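Taken in order, these protein sequences are the chains called A, B and C.
For the first sequence, the working numbering begins at 32 and goes up steadily by one.
For the second sequence, the working numbering begins at 221 and goes up steadily by one.
For the third sequence, the working numbering begins at 27 and goes up steadily by one.
To be clear, the hints were calculated from the coordinates, so they are not data collected in a lab.
Be aware that one or more of the hints could be misleading.
[Said to hold, decoys possible] Each computed DMTMM-like pair below joins lysine to aspartate or glutamate, with the alpha-carbon atoms no more than 20 Å apart: (1) A:Lys302 - A:Asp324; (2) C:Lys205 - B:Glu548; (3) C:Lys280 - B:Glu548; (4) A:Lys137 - A:Asp100; (5) C:Lys178 - B:Glu554; (6) A:Lys302 - A:Asp238; (7) C:Lys279 - B:Glu432; (8) A:Lys217 - A:Asp201; (9) C:Lys280 - B:Glu563; (10) C:Lys276 - B:Glu559; (11) C:Lys234 - C:Asp384; (12) C:Lys279 - B:Glu559; (13) A:Lys34 - A:Asp238; (14) C:Lys91 - C:Asp238; (15) C:Lys279 - B:Asp308; (16) A:Lys96 - A:Asp39; (17) B:Lys603 - A:Glu84; (18) C:Lys280 - B:Glu554; (19) A:Lys96 - A:Glu84; (20) C:Lys178 - B:Asp394; (21) A:Lys302 - A:Glu277; (22) C:Lys280 - B:Glu559; (23) C:Lys200 - C:Asp238; (24) C:Lys276 - B:Glu563; (25) A:Lys137 - A:Asp151; (26) C:Lys276 - C:Asp152; (27) C:Lys178 - C:Asp162.
All values reported here derive from a predicted model rather than from experimental measurement.
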Amino acid sequence: MAKLSVSDVHVRYGTNPVLKGVSIELADGEIIALLGRSGSGKSTLLRAIAGLEQPTQGTITIGDKTVFDHGCVNVPPEARNLGLVFQSYALWPHRTVRDNVGYPLKVRKMAAPQLRAQVDEVLDSVGLAEYGDRHPSELSGGQQQRVALARALVYRPPLILLDEPLSNLDAKLRDEARVWIRQIIKKYGLTGVFVTHDQVEAMGIADRIALLDGGQMVQSGTPEELYTSPNSFFAADFMGLNDCFEVTIEAIGGEQATCRLGEARIVGRDKSGKRPGEKARAVIRVESLRVVDGPGPARVPATLVTSVYVGSRWEHLFDVAGQQLRAFTTSRLPDAAHHLELPNGQLWIF
Amino acid sequence: MTRPFRIGIIAATAVAIFAPLLLVLVQSLLSGPFFGQNVHVTPDAFTYVFTDGDFWRALRNSVIISIGMTAIAVPVGAILAFLFVRSDLPGARWLEPLMLAPMFISSLVLSFGFVIAFGPVGIVSLWVRDMIGFVPWNLYSLHWLILIAGLTHVPHVFIYASSALRNLGSDVEDAARSTGAGPLRVVLTVSLPMVRPALLYSAVLVFFLGFELFGLPLVLADPQGVLVLATYLYKLTNILGVPSYQLMAVVVIVIVAIALPLVFLQRKLLATSDRYVSIKGKAGNQRRVAIGKWKWPALALIVAWLAFTVILPVAALVFRAFLSSWGEGAVLSESLTLEHFRELAGYPNLIRGIVNTFLVASVGGALSVGLYALISLAQHRWKSRWATFLDYSVLLPRAMPGIIAGLAIFWVFLFVPFLQPVRSTLISIWFAYTLVWMAYGMRLVQSSMLQIAPDLEEAGRICGATGAQVSRYVTLPLIRTGLMGAWLLIFVTFVREYSTGVYLLSPGTEVIGSLLVSQWATGAVDTVVALSTINIAMVMGGLFLLTIFRKKQNG
Amino acid sequence: MKVILASLIAAGLLLTGCNRVPDSVAATPATYPELIAAGQREGGLSIYSNTDSAEAEPLIEAFRKRYPGIAVEYADQSSVEMYSRFIAEVAAGQGSADVLWGSAMDLQLKLAADGYAQPYHSRESDALLPGSNWRDMVYATTREPIVIAYNKRMIPAAQVPRTHADLVRLLRDKPERWKGRVGMLDPERSGLGFLFYANDMQTSPVAKDVLDALGAIDPKLYSSNGAVLERLVSGEHAITYNMIGSYMLKRQKKDPNVGVIYPTDYTMTMSRLALIPKAARHPSAAKLFMDFLLSAEAQTLLAANKMAPVRADMGDGGVGFPAGANFKPIKVDESLLGELDPVHRLALLQTWRRAVRDR
């Protein structure tokens, strides 16, 4: 049975439609990332699941309980029994860490000694055992985030929601936190939904990704699926670092499309639904592009425009038939004419 | 808070607000007192008022004064609030209680302070005349009235602005300073705009107080024959010999008609209150903005305001309390006397009056603030027509100038059966005061509430707390400063009140204000002034203690 | 909700009809001891008055000493407040005052004429000056001249006017000297101000001359005594016209700069009028108080506060009227009602405006 089931949810702010019919299914113990740009509706969807937004259509079911069914059921947030970590952490500044974390248990009328023990345990598991008596203003950003997570975990909710959990951390912390958040959620056996605009974060923490844009679902699947088989230009372009360029379709054969880029011919996986003679957009991951020494199949001539050294690699900018493509190498390139190889399986035509 | 509970509170508040107002409305359409015999419906009252030249003159004057005084009070109040709360001005903590001083004194008495100090034969005026041969100002002119009205209403703006500024995190200002903006720039472009709701609310409220202005024009505008709406109302009570309630009611209807669009405007200007959220879940520190070389002009501004608005008129008043005669040709040193205080000491019921006043103001004031907080919570973050309705209604009791507010509430207590036993107790006076000043107390509480980031409250809901539990655990503690500020404002206002409770007073429930008025009526301004001196001393003493207490707490 | 409110008000009004306190116009007990006993049984007395409580206090004390069983509640308020409060309370059938004692002579008489007062022939009636008793319903209790007050620092003794004609001459002689320096109560905004003005005009044609003379020098008009008196004391005003003598005399005691003129051609006098409402809950106590108020003891106490007695056997009670003062009392009778008639009143105010305001 699905742990979370969201079906055809629509949300409007005033007259402005923000979610235009989104559905997701989440199995027990899964972590799903709601990924998208600002304004894609991902935070709104999260808040709707939490009960902080009122959809105008659709149903939401958590476990076997329907928490929202437009027109008949609308369980208030405090009765939905889920955890939510806010982007701003929303720690109460006038309460200590212990009070913050213990409040959900206090509301559930847990006995004091048991409450204390459970708070201590969860603080320990987020590594803040000695910070119980501090106030939030005395903690660093990373520590505040962990307190917020502790507060969401302390009452073992079946479902935990996180709103941009890593966006307020600096880069170094972010890497650590990515691993650690996933660990904790799996350790407690929770089901999780989190919102992010960062694909690396999404791929690192989630079992599945739901890519949203303009209030609608674009594609849903595992990180690998989304990365290696995007089914739309938006999905392809959103993930990873890409080169996008315009080609003209010459021939279509089954799943392949033969296209012309300048004078060269290249073949890629056809997802365009277009006919020969039409223009299309080609997308390839930058790391799939290889700089080679001579012409050949799936190779196009390119002129080097500029190079940048970033420590782990060289990043190059090439001019191919008037369009600019990037490629990476590990060593410097001689300033000469080059060829770029666009492997068939890695090139998508939309 | 559950929906039925919210609706219940708002409905109860609405009944309290509209009972007296509806009486007034009904009265405006009758030919005589609504409880009289042989009274019929007629538009005559409206005809009389709308064809009375004095009414239009009074209306025009009131509008001019309101606009003028708002234009003065808001900027001065805002800048002074910034200086005291956010800048590193030295000595701020000791001077701050003085900022509220004009509010301690009833406007009738304070206006007389101005006359004694700056009037045609005032102490300062005569001194200047001795020096330069003439007095270069005429206190009884309209622009002086506007100036004094504006400056004496600075504390109203100050209270709202300082409360809001106290809750600002420094991060926005730090950000501004880091871009190289000087302190003045920071004030004008960052700090003050962040408290725009507080400034806008207080602007509307001060504008409204302008319509209600009675003591000041009575003393300063009377000699020129300049009428304002409240003094015009006063005139209507006497012009036909027998008080004509229907005419007075028409004037109230006019003021209500002005109130509604004002509230509409205010709501439009504050459409997005999210922009002003500053108590967020990410704790920041509060640091004072260093104002460097602006220190001296700032101090000069504060001293100038204090000198003109507080020190000189109050000193003149206190001085007057010890003089048997003053003015043109009087030799002050020969006129010193303690006679007024002696006379005051022999006044029956003085102690009882003082005790009653303090009871109503302190305990009653705290209850009022509690009530305001409850009503504010009922409409807090609730997008509903009920909340909008409340917003429009809350200011309406203040649309009735004191004289008629008191009368209308008296009628309600008199004619509604289950309220009758309460009429001759302090409760009815407390109720009248609470009702009439509702907009002021509530705005302070509401703006504090809006400063809390919504997600702090949402976090509480997610944790499993109901709306009421969240209010208790999160909202109310976080607005504690706002609540204290509201209580202070209400306390000072209730002590100073004199016209609203007049019809509800009985032997045993006298308050200082009523003693003042009855003395005034006999022309005994000297005892009035003596009483005010005692009044001021007590309130200042109380504030002084409060400052020491606060210092001990924070130190 | 409005329906609920309307029905509440309607219910309230209905109840006022049903709740009417029975009129206490019972026959006065035949003997005085019986009256006293009845009063003691009633045990309470509520007085609405616009006489300052400090001045009334000695009276109340003395009354309490005489009749220890009667608890007196004294409510000090303005004459307009008194009137409004009283008629509303009677209409609501709620308890109201047992004695109304006010200086708004026209309002007091109107209440009696409108049937709110009950008649009582006070045992002191015969000792009073003529014209102090209207149909046994309204009694004059004091005799207070309406004077011209001046600041002695501003006007040397030789120039002080003695009559109304003197005043006219003084004002016309050097108008620049008096511009803005004369204050008075505004007939439009003060009930007493109108009373004095209307009676002034009725008493003598020279009043019209005074009016015109005043109109020419921009008189300052006020709605309350406090404002005028203080400005007289400070010298901002040199002369104040038609002021209540008792207040002036009291101030003179404290500040010798205040001078008081009793114009020798005529000096109006006013009275504080007392009446017992039909709806009085303690009628016997009220009657006792009325008698007391008119007794020598009370009148002496009032005179101590410069409110001269209205008893024929007490002269000026020690207040200090000049010998040969020419008093013209404002009559306590139906003529007061004429001034309340809107048409008549507005006509008088028209005359006033033309003379004073519209220059």
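For each hint, the structure was consulted:
1. Taking the CA atoms of lysine 302 of chain A and aspartate 324 of chain A, the gap is about 30 Å. The hint is violated against a cut of 20 Å.
2. In summary, the hint linking lysine 205 of chain C to glutamate 548 of chain B is supported, as the alpha carbons are separated by about 16 Å, within the 20 Å threshold.
3. Among the hinted pairs, lysine 280 of chain C with glutamate 548 of chain B is consistent with the structure: their alpha-carbon atoms are about 17 Å apart, no more than 20 Å.
4. For the proposed pair lysine 137 of chain A and aspartate 100 of chain A, the alpha carbon gap of about 30 Å is over 20 Å, so the pair is violated.
5. Proximity of lysine 178 of chain C to glutamate 554 of chain B is assessed by CA-CA distance (about 16 Å); at most 20 Å being required, the pair is judged to hold.
6. For the hint linking lysine 302 of chain A to aspartate 238 of chain A, the alpha-carbon distance of about 25 Å lies beyond 20 Å, and the restraint is violated.
7. About 37 Å separates the Cα atoms of lysine 279 of chain C and glutamate 432 of chain B, which puts this hinted pair outside 20 Å; it is violated.
8. For the proposed pair lysine 217 of chain A and aspartate 201 of chain A, the alpha carbon gap of about 24 Å is over 20 Å, so the pair is violated.
9. For the given pair, lysine 280 of chain C sits about 11 Å from glutamate 563 of chain B by alpha-carbon distance, which is consistent with the 20 Å threshold.
10. For the proposed pair lysine 276 of chain C and glutamate 559 of chain B, the alpha carbon gap of about 13 Å is at most 20 Å, so the pair holds.
11. The suggested pairing of lysine 234 of chain C with aspartate 384 of chain C holds, with an alpha-carbon distance near 16 Å, which does not exceed 20 Å.
12. Restraint check for lysine 279 of chain C and glutamate 559 of chain B: the C-alpha separation of about 11 Å stays at or below 20 Å, so the hint holds.
13. Simply put, lysine 34 of chain A and aspartate 238 of chain A have alpha-carbon atoms about 14 Å apart, close enough for the 20 Å limit, and the pair holds.
14. Among the hinted pairs, lysine 91 of chain C with aspartate 238 of chain C is inconsistent with the structure: their alpha-carbon atoms are about 52 Å apart, more than 20 Å.
15. Using a Cα cut-off of 20 Å, the hinted pair lysine 279 of chain C and aspartate 308 of chain B is violated, with the two alpha carbons roughly 54 Å apart.
16. Note on lysine 96 of chain A and aspartate 39 of chain A: the hinted pairing holds, with a Cα-Cα distance of about 17 Å set against a maximum of 20 Å.
17. This hinted pair checks out: lysine 603 of chain B and glutamate 84 of chain A have alpha carbons roughly 13 Å apart, not beyond 20 Å.
18. Restraint check for lysine 280 of chain C and glutamate 554 of chain B: the C-alpha separation of about 13 Å stays at or below 20 Å, so the hint holds.
19. In summary, the hint linking lysine 96 of chain A to glutamate 84 of chain A is supported, as the alpha carbons are separated by about 18 Å, within the 20 Å threshold.
20. For the hint pairing lysine 178 of chain C with aspartate 394 of chain B, the CA-to-CA distance comes to about 66 Å; that exceeds 20 Å, so the pair is violated.
21. With a CA separation close to 14 Å, the supplied pair lysine 302 of chain A and glutamate 277 of chain A stays within the 20 Å bound.
22. At roughly 8 Å between alpha-carbon atoms, lysine 280 of chain C and glutamate 559 of chain B fall within 20 Å of each other, so this suggested pair holds.
23. Pair hint lysine 200 of chain C plus aspartate 238 of chain C holds up; C-alpha atoms about 15 Å apart against a cutoff of 20 Å.
24. For the given pair, lysine 276 of chain C sits about 12 Å from glutamate 563 of chain B by alpha-carbon distance, which is consistent with the 20 Å threshold.
25. Distance hint between lysine 137 of chain A and aspartate 151 of chain A is fulfilled; the C-alpha atoms sit about 14 Å from each other, no more than 20 Å.
26. Our distance criterion of 20 Å between C-alpha atoms is broken by lysine 276 of chain C and aspartate 152 of chain C, whose separation comes to about 30 Å.
27. With a C-alpha separation of about 43 Å, the suggested pair lysine 178 of chain C and aspartate 162 of chain C falls outside the 20 Å cut-off, and the hint is violated.
Checked against the numbered hints above, the structure violates hints 1, 4, 6, 7, 8, 14, 15, 20, 26 and 27; every other hint is satisfied.
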